[in-house]
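Chains as they are written, first to last, in our numbering: chain P, 591 to 963; chain L, 141 to 439; chain Z, 19 to 270.
Some hints could be false.
If you want the ones that stay clear, here's a sample from chain L, every Cβ over 12 angstroms from chain P, calculated [said to hold, decoys possible]:
#: 1; residue: A262
#: 2; residue: E279
#: 3; residue: W424
#: 4; residue: T435
Dumping the calculated DSBU-like pairs for lysine-lysine here, alpha-carbon to alpha-carbon at most 35 angstroms [as the list claims (entries may be wrong)]:
#: 5; chain 1: P; residue 1: K933; chain 2: L; residue 2: K179
#: 6; chain 1: L; residue 1: K188; chain 2: P; residue 2: K933
#: 7; chain 1: P; residue 1: K786; chain 2: L; residue 2: K188
Worth flagging that the hints you see were computed from the coordinates, not collected in a lab. Ideal placement from N, C-alpha and C gives every residue a C-beta, glycine not left out.
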Amino acid sequence: MGYTTVANREAAVLAAAELLASGAPADGDDELSRFVERYPLAVDQVMAEAGIVEPRVCARAFAQAQGDLARAVSLVRAWSAMLPRLAHRRTSPQDWLPLRRITPAFAEPSGGQFLGASRDYERRLLDFDDRSAARAGLASPRDGAAAAPSSAANPADGAQLPAGLPAANETLAAEGLVAECERARPDDITRATPSKTERGPFLQSLARAETGALTALAYGGIRGYGGRRDPTLVELRAGEILVRFERPDTGQPFVVGSFVATYAEVALYAVHESGETDAAFTLGTGVTPGRVERRAIASALLDAAAARAALEPDGARAPYDDREFITLTVDGQEASGFVEHLKLPHHVTFAAELERVRALRPSPFDRLRVTRG
Amino acid sequence: MGEFTDVTPSLSKRELGDLARRGGRSAGYRFAYLDESAKRDVRRALLKAICIPGHQVPFASREMPVARGWGSGGLQVTLATLVAQDVVKVYDQGDDESMNAIAIRDLIRRTAGVATTTDARAATLIQTRHRIPEDALHEDQVLVFQVPIADPLRIVDARPSVTRRLHAERDYAPIWLYLYEDLARRDRSSFSHSHPVLVDGSYVMSPSPIPRHDVPRLHHAPFLALFGAGREAIVYAVPPYTRVEPVTFEDRPFETERGEAACALCGATATFLVEDDATSEHRWICSDVDHCVRTRGGR
Amino acid sequence: MSAVLELREVTLRYPDGTLGCRDVSFDLFAGEVIGIVGESGSGKSTVVGCASLDLIPSSGRVVVAGEDVTGIRGARRRRLRCESIGTVYQTPQQGLDFSLTAGGNVASTMLGAGWRSFGRVRERALAYHVAMELPAERFDVPVELFSGGMRQRVQLAKALASAPPLLLLDEPTASLDVSVQARILDLVRRLQLERRFAMLVVSHDLAVMRMLADRLLVMYRGEVVERGLTDQILGDPQHPYTQLLVSAQLIA
Chain P
591 MGYTTVANRE AAVLAAAELL ASGAPADGDD ELSRFVERYP LAVDQVMAEA
641 GIVEPRVCAR AFAQAQGDLA RAVSLVRAWS AMLPRLAHRR TSPQDWLPLR
691 RITPAFAEPS GGQFLGASRD YERRLLDFDD RSAARAGLAS PRDGAAAAPS
741 SAANPADGAQ LPAGLPAANE TLAAEGLVAE CERARPDDIT RATPSKTERG
791 PFLQSLARAE TGALTALAYG GIRGYGGRRD PTLVELRAGE ILVRFERPDT
841 GQPFVVGSFV ATYAEVALYA VHESGETDAA FTLGTGVTPG RVERRAIASA
891 LLDAAAARAA LEPDGARAPY DDREFITLTV DGQEASGFVE HLKLPHHVTF
941 AAELERVRAL RPSPFDRLRV TRG
Chain L
141 MGEFTDVTPS LSKRELGDLA RRGGRSAGYR FAYLDESAKR DVRRALLKAI
191 CIPGHQVPFA SREMPVARGW GSGGLQVTLA TLVAQDVVKV YDQGDDESMN
241 AIAIRDLIRR TAGVATTTDA RAATLIQTRH RIPEDALHED QVLVFQVPIA
291 DPLRIVDARP SVTRRLHAER DYAPIWLYLY EDLARRDRSS FSHSHPVLVD
341 GSYVMSPSPI PRHDVPRLHH APFLALFGAG REAIVYAVPP YTRVEPVTFE
391 DRPFETERGE AACALCGATA TFLVEDDATS EHRWICSDVD HCVRTRGGR
Chain Z
19 MSAVLELREV TLRYPDGTLG CRDVSFDLFA GEVIGIVGES GSGKSTVVGC
69 ASLDLIPSSG RVVVAGEDVT GIRGARRRRL RCESIGTVYQ TPQQGLDFSL
119 TAGGNVASTM LGAGWRSFGR VRERALAYHV AMELPAERFD VPVELFSGGM
169 RQRVQLAKAL ASAPPLLLLD EPTASLDVSV QARILDLVRR LQLERRFAML
219 VVSHDLAVMR MLADRLLVMY RGEVVERGLT DQILGDPQHP YTQLLVSAQL
269 IA
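Just chain P, with the same shape it has in the complex (with noise of 0.2 angstroms):
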């Protein structure tokens, strides 16, 4: 479909419209099904946003709201809502199976770049065409569909990427050019009540935030509304994570099951204000369950800016550098129902606020009157 005229890449560009064009069926034939094979970055979508991983919940979801994404969110989470937290599992580099990965920051990191099925490329051109092939999906992870390595490969060969590819920022890290920050506590906000500026409750409001409103403050922040930004994305990875158990009897781990995700990794290029401190970059990072990469770019954009806020002196924060105003402001949930709810009756409330209108008018504003007590 589309070409870029750089030589060497084009290659590469051929071969991940070839596998979007290619894309196998996911599981079972119904209904559900075909959507998520058809649209699988709008349940992609809801899955991130709900904070869970269920393709065909969130696909019945999408149908029941009619495509209203923040009302097909509302349902899975009301339903995920109730159902029992049983662990938390940590991954380790070797759980994560690459599907794609690119580093802006390097043109040749260690492991290598891998465009994968992606469609940055294409020509965004409306196909009127009915019959177009590009309605397929994004290739399955579960057929073992290769990615295409950025040397001209054939794609059918079915070479896989190695698993526990080396993080690109490990030449910066072993520099020393990456700024201490702070290390984040997996908790569950959904079922502690964490506080809204440390780093690790903040990320996880990222991962479930509403894509619109990380995109939205990202982009504010890269304006300049906020701290100066110079954002790079050092590592964009795509793949499918495997989440290990043990056995009950042997102890023994064995995989339960896997999911498809998004991790973005950037650096802030600092030159600290307080010119205290030795300049570095400030790594953020950002995951999100799914394939809507601008969320994890987002998320690492966010989490960058906020962590290099803290390391300057106490001080009044720019609300796009400020953990505790985006946590506020991201959730879709708590963003849409606030919004929405201004349609429920508020005759009372606004008498209340008619009645004093009303009783302030005939002085209103005189600033210069003085009263004697």
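We have chain P already, so just place chains L and Z on it with the hints.
Using the frame of chain P, we list chains L and Z on its own:
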């Protein structure tokens, strides 16, 4: 290999497996919809709230079938509090037949099997949005208020990290200053609904967006008042017979919205009235619909 | 007679490691005015910050009216700052809320001290507003509309409204036009002679000190290098730094 830290050591491996198998299956609704962990979280928060009148207690607010901002907090408080023998009234700005009140009442009835009523005198638990019933209430009743904005200091600072500290130190000078400025510039307070109140001489609280007309009803009330803000994930409470005093200067007494009008339907002069322009003449009618209907019927 | 303010070996290191002040000790009695003079970075603002309870010393003690207040926070600190310690900051932004009226700024002192009568609060605030030579018709005007000199007067009114025994002034005239400075200093001097509160003045300007201070502490790089009666210090400075300071400012 990575670490496999199990954070639920109290569950045996078999229980873990059983749970995982049953997890996705819905065996019909539980009593009052909420699962046991949700009930426990809400109840613990409520107990703490009752012990510290007017203090905002955070809780792990669950996502409900009702959207955030539409009463999810009040609903969680009601569902965690009610028992099978309760008689529940749900109403919205005085109206039992508001669409949202109907939806909430219906959910409660279906999942808890309790009786419902529109008569505030007969109810044992009243979930209300922004009104206190005009009827005299008694000791066996619980009022659950739906709260949009839990923090009365929001007008002073948007940041909970700042206002939490103000509350912790009982530093309410900012709100007194707000009131001073109102009176200095306009000779009148601009507080309309949600008039800040001082509870038990300690915390300043928002009584939810009830009109000023209703605020005196909270002072030394015989009923238990519970306040739920689901979106903000906060509950607070005022136990019976607690001091609840509007924040006013001692030489500027608290005023309600009292006007001269009477209800065009039932003639009441002591209820909270709202304007009605549905007919050709402009008139005032009771906001508390059920009370008005009963007054008209002589009940 | 016990001191209104005592500092005992107060040392403060800022979080980034820089030294604020080291081993500063002095007593300030009722009716007395002490000036702390030095250039920027000398530590004089750190010392007044410890006295105003804005800063917490790393070591040493701060005692106000016989009460050890080192490191106090919260309600107790607020009460003291409303009732016992009046502070005029170098820039009005630090001491005032520009969105509030002049009256509101002054009223905040009384409201912080627990006054709950609007009439009484307003009466007292107006009395101080007028005593600081501010026009009565500007009493309900937001401070953002005031000139620099007027804003300093509002700070003074706010600091003095509860008749505290201790007044702290941090570079009270530094942000003002020269023509306005003299009037403010005049006012401060007159108030202090009338009401006899203890006063600590911080300035780099020896002329201010000569007008206001009975005794001087000269600070250099965080330490007190010389102390004594103002006239003696200015007339016959002993420490080389003081000599430099005096000659540089060409005091006649």
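* **Given as non-interface: W424 of chain L, partner chain P, CB spacing beyond 12 angstroms** => Not fine: 10 angstroms to the nearest Cβ puts W424 of chain L too close to chain P.
* Once the closest CB in chain P is found, is it more than 12 angstroms from A262 of chain L? -> holds, 23 angstroms
* **Pair hint K933 of chain P and K179 of chain L, alpha-carbon separation not exceeding 35 angstroms** => Holds - the C-alpha atoms of K179 of chain L and K933 of chain P are around 29 angstroms apart, at most 35 angstroms.
* Asked: Going by Cβ atoms, does E279 of chain L stay more than 12 angstroms from chain P at every point?
  -> Check passes; 26 angstroms lies beyond 12 angstroms.
* To do: Quickly compare the C-alpha distance for K786 of chain P and K188 of chain L to 35 angstroms and report which way the hint goes.
  => Cα-Cα ~21 angstroms, so holds.
* Given the hint that K188 of chain L pairs with K933 of chain P, does the C-alpha gap stay at or below 35 angstroms? -> holds, 33 angstroms
* Asked: Taking the closest pair, is the beta carbon of T435 of chain L still more than 12 angstroms from chain P?
  -> T435 of chain L is indeed farther than 12 angstroms from all Cβ atoms of chain P, at 18 angstroms.
Hint compliance for this structure: hint 3 alone is broken.
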